[in-house]
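Sequence lines, in order, name chains L and Y. The first sequence begins at 1 in this note's numbering and counts up by one. The second sequence begins at 1 in this note's numbering and counts up by one.
No lab work stands behind these hints: they were computed from the structure. Every residue, glycine too, gets a C-beta built ideally from N, C-alpha and C. Honestly, I wouldn't trust all of these hints.
[Claimed, not checked] Among chain Y residues calculated to face chain L with C-beta under 7 Å, some are:
| # | residue |
| --- | --- |
| 1 | Pro43 |
| 2 | Phe45 |
| 3 | Glu52 |
| 4 | Gln54 |
| 5 | Leu55 |
| 6 | Asp98 |
[Claimed, not checked] Sample of chain L residues with no beta-carbon within 10 Å of chain Y, all distances over it, derived:
| # | residue |
| --- | --- |
| 7 | Glu15 |
| 8 | Pro41 |
| 9 | Lys55 |
| 10 | Ala87 |
| 11 | Arg113 |
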Amino acid sequence: AQTVTQSQPEMSVQEAETVTLSCTYDTSESDYYLFWYKQPPSRQMILVIRQEAYKQQNATENRFSVNFQKAAKSFSLKISDSQLGDAAMYFCAQETGANSKLTFGKGITLSVRP
Amino acid sequence: DTGVSQDPRHKITKRGQNVTFRCDPISEHNRLYWYRQTLGQGPEFLTYFQNEAQLEKSRLLSDRFSAERPKGSFSTLEIQRTEQGDSAMYLCASSPWDTQYFGPGTRLTVL
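Construct the complete structure from the given sequences, taking the supplied hints into account.
The following block contains the structure:
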């Protein structure tokens with residue numbers, strides 16, 4: 001079975017600083033997608049960034065970037081210039097199986113200190 | 001707005017009652033997923049539709065759960081004879097291919 005592990009339940013960052021959220025996964029597949037989703041207190045899940053496993057280049061979306069280490073099965077999210085609006089729960093997810101369902105980690109609660 | 005919508009947003013019911021949730025996916029997304037999320041946990045996959053065909057169901061989906069997607073448009077998730085353990089957020093997501101977009105969810109509370 002596919003597993004996604006987020007070992008840090010909570011993290012805190014000072015506004016304007018950088019924070020890295022960790023994620024590891026386990027899969028026997030060679031081609032797959034990885035995602036980071038953000039879930040603010042309003043609870044709607046929002047896509048932050050995605051990475052295609054066959055691409056060696058790390059994905060970047062504005063202040064969000066990933067460090068994708070395929071051999072180590074590691075997929076961390078870096079948030080630069082943290083803003084108060086970044087405070088949320090962040091989930092790492094892997095697309096699995098022929099039907100592309102997502103397997104999620106337990107999530108990490110990020111707080112941003114003003 | 002063309003995002004995924006879900007109705008109702010909140011549902012409180014008594015144990016033993018039946019409930020039905022609706023999901024309207026993003027137009028032209030042929031893939032639709034249902035997930036369940038309990039407090040403090042990540043979502044767990046329940047079932048998947050490609051157009052109107054239900055192609056995968058999780059072991060989590062007991063016989064009391066049924067889902068449909070008539071004509072490949074909106075989808076419904078019904079829970080019969082609800083139990084307190086069914087209390088959770090039920091999330092719907094749609095996808096054109098490789099990225100899923102989530103709705104706001106339906107929060108179910110079973111008393």
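Of the hints given before, which are not true for this structure?
Failing hints, ascending: 3, 4.
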